[in-house]
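Enquirer: Full structure from sequences and hints, please.
Number of protein chains: 2
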Amino acid sequence: MVNIAVLGYGTVGSGVIEVLRLNGESISKRCGHDINVKYILDLRDFKGEPVENLIVHDYSVILNDPEVKIIVEVMGGVEPAYTFVKEAILKGKSVCTSNKELVAKHGAELLELSKAQKVNFLFEASVGGGIPIIRPLNQSLTADEIEEITGILNGTTNYILSKMSSDNADFDTALKEAQNMGYAERNPQADVEGYDACRKIAILSSLAFGMQVDFEDIYTEGITGITDTDVLYAKAMGASIKLLATSKKVGNHVYAMVAPMLIKPTHPLFSVNGVFNGIFVRGNVIGDVMFYGSGAGKLPTASAVVADVVDAAKHIGTNIMTFWSSKKLELRDVKAVEHRFFVRVAGCDDKARALVNEVFGEIEEVKVDGREEEYSFLTGFLSEAAFEEKADRIGKPLSRIRVMF
Amino acid sequence: MVNIAVLGYGTVGSGVIEVLRLNGESISKRCGHDINVKYILDLRDFKGEPVENLIVHDYSVILNDPEVKIIVEVMGGVEPAYTFVKEAILKGKSVCTSNKELVAKHGAELLELSKAQKVNFLFEASVGGGIPIIRPLNQSLTADEIEEITGILNGTTNYILSKMSSDNADFDTALKEAQNMGYAERNPQADVEGYDACRKIAILSSLAFGMQVDFEDIYTEGITGITDTDVLYAKAMGASIKLLATSKKVGNHVYAMVAPMLIKPTHPLFSVNGVFNGIFVRGNVIGDVMFYGSGAGKLPTASAVVADVVDAAKHIGTNIMTFWSSKKLELRDVKAVEHRFFVRVAGCDDKARALVNEVFGEIEEVKVDGREEEYSFLTGFLSEAAFEEKADRIGKPLSRIRVMF
Numbered sequence: 001m002v003n004i005a006v007l008g009y010g011t012v013g014s015g016v017i018e019v020l021r022l023n024g025e026s027i028s029k030r031c032g033h034d035i036n037v038k039y040i041l042d043l044r045d046f047k048g049e050p051v052e053n054l055i056v057h058d059y060s061v062i063l064n065d066p067e068v069k070i071i072v073e074v075m076g077g078v079e080p081a082y083t084f085v086k087e088a089i090l091k092g093k094s095v096c097t098s099n100k101e102l103v104a105k106h107g108a109e110l111l112e113l114s115k116a117q118k119v120n121f122l123f124e125a126s127v128g129g130g131i132p133i134i135r136p137l138n139q140s141l142t143a144d145e146i147e148e149i150t151g152i153l154n155g156t157t158n159y160i161l162s163k164m165s166s167d168n169a170d171f172d173t174a175l176k177e178a179q180n181m182g183y184a185e186r187n188p189q190a191d192v193e194g195y196d197a198c199r200k201i202a203i204l205s206s207l208a209f210g211m212q213v214d215f216e217d218i219y220t221e222g223i224t225g226i227t228d229t230d231v232l233y234a235k236a237m238g239a240s241i242k243l244l245a246t247s248k249k250v251g252n253h254v255y256a257m258v259a260p261m262l263i264k265p266t267h268p269l270f271s272v273n274g275v276f277n278g279i280f281v282r283g284n285v286i287g288d289v290m291f292y293g294s295g296a297g298k299l300p301t302a303s304a305v306v307a308d309v310v311d312a313a314k315h316i317g318t319n320i321m322t323f324w325s326s327k328k329l330e331l332r333d334v335k336a337v338e339h340r341f342f343v344r345v346a347g348c349d350d351k352a353r354a355l356v357n358e359v360f361g362e363i364e365e366v367k368v369d370g371r372e373e374e375y376s377f378l379t380g381f382l383s384e385a386a387f388e389e390k391a392d393r394i395g396k397p398l399s400r401i402r403v404m405f
Numbered sequence: 001m002v003n004i005a006v007l008g009y010g011t012v013g014s015g016v017i018e019v020l021r022l023n024g025e026s027i028s029k030r031c032g033h034d035i036n037v038k039y040i041l042d043l044r045d046f047k048g049e050p051v052e053n054l055i056v057h058d059y060s061v062i063l064n065d066p067e068v069k070i071i072v073e074v075m076g077g078v079e080p081a082y083t084f085v086k087e088a089i090l091k092g093k094s095v096c097t098s099n100k101e102l103v104a105k106h107g108a109e110l111l112e113l114s115k116a117q118k119v120n121f122l123f124e125a126s127v128g129g130g131i132p133i134i135r136p137l138n139q140s141l142t143a144d145e146i147e148e149i150t151g152i153l154n155g156t157t158n159y160i161l162s163k164m165s166s167d168n169a170d171f172d173t174a175l176k177e178a179q180n181m182g183y184a185e186r187n188p189q190a191d192v193e194g195y196d197a198c199r200k201i202a203i204l205s206s207l208a209f210g211m212q213v214d215f216e217d218i219y220t221e222g223i224t225g226i227t228d229t230d231v232l233y234a235k236a237m238g239a240s241i242k243l244l245a246t247s248k249k250v251g252n253h254v255y256a257m258v259a260p261m262l263i264k265p266t267h268p269l270f271s272v273n274g275v276f277n278g279i280f281v282r283g284n285v286i287g288d289v290m291f292y293g294s295g296a297g298k299l300p301t302a303s304a305v306v307a308d309v310v311d312a313a314k315h316i317g318t319n320i321m322t323f324w325s326s327k328k329l330e331l332r333d334v335k336a337v338e339h340r341f342f343v344r345v346a347g348c349d350d351k352a353r354a355l356v357n358e359v360f361g362e363i364e365e366v367k368v369d370g371r372e373e374e375y376s377f378l379t380g381f382l383s384e385a386a387f388e389e390k391a392d393r394i395g396k397p398l399s400r401i402r403v404m405f
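Keeping their order, the protein sequence lines are chains P and S. For what it's worth, the UniProt record's numbering labels the leading residue of the first sequence as 1, then goes sequentially. For what it's worth, the UniProt record's numbering labels the leading residue of the second sequence as 1, then goes sequentially.
Rather than coming from a laboratory, the hints here were simulated on the basis of the structure. Even for Gly, the Cβ is constructed at its ideal location relative to N, Cα and C. Wrong hints could be hidden among the right ones.
Below, computed lysine to aspartate or glutamate pairings styled on EDC-like, alpha-carbon distance capped at 16 Å [unchecked claim]:
#: 1; chain 1: S; residue 1: K29; chain 2: P; residue 2: E145
#: 2; chain 1: P; residue 1: K105; chain 2: P; residue 2: E79
#: 3; chain 1: P; residue 1: K298; chain 2: S; residue 2: D288
#: 4; chain 1: P; residue 1: K91; chain 2: P; residue 2: D65
#: 5; chain 1: P; residue 1: K29; chain 2: S; residue 2: E145
#: 6; chain 1: S; residue 1: K298; chain 2: P; residue 2: D288
#: 7; chain 1: P; residue 1: K328; chain 2: P; residue 2: D65
Only part of the chain S face toward chain P is listed, based on derived beta-carbon distances under 7 Å [stated by the list, open to error]:
#: 8; residue: V19
#: 9; residue: N23
#: 10; residue: S26
#: 11; residue: P136
#: 12; residue: E147
#: 13; residue: E148
#: 14; residue: V285
#: 15; residue: M290
#: 16; residue: G293
#: 17; residue: L299
#: 18; residue: P300
#: 19; residue: S303
#: 20; residue: V306
#: 21; residue: A307
#: 22; residue: F323
Label pairs and their calculated CB-CB ranges [what the hints assert, rightly or not]:
#: 23; chain 1: S; residue 1: V78; chain 2: P; residue 2: A386; range: 55 to 61 Å
#: 24; chain 1: S; residue 1: R353; chain 2: P; residue 2: N187; range: 57 to 63 Å
#: 25; chain 1: S; residue 1: S166; chain 2: P; residue 2: A386; range: 44 to 50 Å
#: 26; chain 1: S; residue 1: M181; chain 2: P; residue 2: K335; range: 38 to 44 Å
#: 27; chain 1: P; residue 1: D333; chain 2: S; residue 2: P80; range: 55 to 61 Å
#: 28; chain 1: S; residue 1: M181; chain 2: P; residue 2: T318; range: 42 to 48 Å
#: 29; chain 1: P; residue 1: K335; chain 2: S; residue 2: T266; range: 39 to 45 Å
Expert: Shown next, in the form of structure tokens:
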């Protein structure tokens, strides 16, 4: 029997208890040990609930109990999670977490500490909810040099963009619907501004390239600027707008960004709709692979946490090597990154057209019925810096979206 | 340094050497050891080629060299692979294989033997080429009870069906094109009759349910009966015909089958086209996940084999537990399995219609321009047995395809 403690009895924490109860028998078989939840740390008491007797309010009870071998940290946020996790590792306990803020900020350090302590720090649930992606990156794609990771890593924004497309809804209407469905929080900033996706791509990039990618260094743009008109144009091109978090090797450099982008049906992420997540990986020998599933939600996330608990229980006394050094990876200046851009400008008289053609050279015009008052087009490949300079010369565009084709 | 030997210098074997040469440096870092190919077993000599000095013709040289810790078996076929692999395990060597025939037939036994010998028998490349699926099933979905696995597991047939759909080609034309592109063998039987997919779903089902699923027990139907007219009807329904290999828990029973099926765009496998493979898994807590990538090909397959070598090298002296007992799983009789069916019958006069309606009850008619001489429809849910009995009463249909919606 392996004793564990769960820090935080919120959505994911209660999901962990539910999964262990529901599938306990087969989990024990696969694990080779019974998993016993000895403590749950929470500020609340949960009087009268089945977990009441497991609740403790004082972390030191857990920390100082040598019977507890694995800590499940599902509180979220950097502190006190970081302090708790570090103390646990130093006490020789393995930690399984769903906490993307913690992993993005302190992943490298906590992995090094775990290695030294011969315990494990596992975080499958921190990216892509239930989708197996951390373990495949660590253990299955070990023969490859990763060239690109591009993900739809935030279910809320994907739901909003899917809804805008399927219902011709504007951003505010789609956001409200996402909030009503419980897919978006009342303060949706972390999702719609791309901050959540940014932390997740920082984690994936660090693992893919084996060095510390700081999330603060990643250019991040959310979806609040996307309008129903943009979606109309996307459809006219047979394309779709997705909030993509991407990191890519170009020559000897890696760049990373989070931004809405236009993609076509030939891209495996095109059909990832609604609250689903998808993660596309290109390796130099495996070619293209894609992982798809529920990116959030109580049970899918708990499934990933419990799978980590199983792995930690199977590896008591042994560290599972993870390739993420604390050495900082200097990302390529985003200004130098090249894309095509989709651009809409107000006015489509001959003068406007002539100016666009003079500034951007060869462009591909995109037309949508009923929008004859604007001039919209796809540019050729341009660096971000070159695009900005050109955009300034034609006046502020109505919108510009990066293009993945 | 870890010494390995490669059995068979064919497509995959030479791919393994190429991947180790190309990515050797990062593989060593991830693995913690340098991987050294000490021998290659092949009947040929490869005079003048860089591998010439590694070639041996006598397996006992490899078997009796205690320095060789890992055997890569990429010969294919049950014998002599089975004998070689068994001997290697008994000598305390780990084995990594891409050989689906071997794994489907002897997987359970070789896993038990490996456990006893404290070595590893790994076979990521035996299903889905490079796509990580075996390791995710074994190590990432451990918190779940698997309810369904459905895969597009054969790139050749998926290419043919995609081509029939995109070019309105008939089966023979699409097959010829697949052969010209090198995607289909001159004798394409193992692919087009579904035998290849059958072995792969047997392996996945055994792992998902933890018991031996014999491939001989799996109802298998290929794609040679699919016509361009069927594809026209599929398009008219907004659907697609895919060769799906599926195993599913219904109540306390599992059924498994390989057959062409109609699926709609809402299914994640719908957009898996061309030579790509996709594997859809439904767990009772994780929900739906899907894995996508190159299902075959020299480098993708070699990527999976080398990832297994890395794992084996990291686990010398320790067995990675795999949950696949040799106890036979009795599959549900396929006759009891329920589907909807798409049916085409010759003749669409009132008499024919009346008979169909009398026999099948409520049906959904499907029309295609220029095919007014036939009567085509979707049935309600029927067991295979009930369908056969009803189909007999209306005379032999022009075609019938199972429906996934």
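Enquirer: For K29 of chain P and E145 of chain S, compute the direct alpha-carbon distance and say whether it is at most 16 Å.
Expert: Roughly 12 Å separates the two Cα atoms, so the pair holds.
Enquirer: Does the closest beta carbon of chain P sit nearer than 7 Å to the beta carbon of N23 of chain S?
Expert: holds (6 Å)
Enquirer: If I claimed the Cβ atoms of K335 of chain P and T266 of chain S lie 39 to 45 Å apart, would that claim hold in this structure?
Expert: The hint (39 to 45 Å, Cβ to Cβ) holds, given that K335 of chain P and T266 of chain S are roughly 41 Å apart.
Enquirer: Under 7 Å is the threshold here; is the Cβ of L299 of chain S close enough to any Cβ of chain P for the hint to stand?
Expert: holds (4 Å)
Enquirer: So, G293 of chain S near chain P? Judge it on the closest CB pair being under 7 Å.
Expert: holds (4 Å)
Enquirer: Hint validation: V19 of chain S versus chain P, beta carbon distance must be below 7 Å. Holds or violated?
Expert: holds (5 Å)
Enquirer: Under the criterion of a CB-CB separation shorter than 7 Å, is A307 of chain S in contact with chain P as hinted?
Expert: Where the cut-off is 7 Å and the nearest Cβ of chain P is about 5 Å from A307 of chain S, the hint holds.
Enquirer: Compare the distance between the alpha carbons of K298 of chain P and D288 of chain S with 16 Å, and conclude whether the hinted pair is satisfied.
Expert: The given pair, whose Cα atoms are some 14 Å apart, holds under the 16 Å limit.
Enquirer: Have a go at the V285 of chain S hint: is there a Cβ in chain P nearer than 7 Å to its own Cβ?
Expert: Holds. Min distance 4 Å.
Enquirer: Identify whether the interface hint at F323 of chain S stands, where standing means a beta carbon of chain P within less than 7 Å of its own.
Expert: holds (5 Å)
Enquirer: Are K105 of chain P and E79 of chain P close enough, with their CA atoms no more than 16 Å apart?
Expert: Distance ~11 Å between K105 of chain P and E79 of chain P Cα, so the pair holds.
Enquirer: Grab the minimum C-beta distance from E148 of chain S to chain P and call the hint holds if it beats 7 Å, violated otherwise.
Expert: Violated, because the Cβ-Cβ distance from E148 of chain S to chain P comes to roughly 14 Å (cut-off 7 Å).
Of the numbered hints listed earlier, those contradicted by the structure are 7, 12, 13 and 25.
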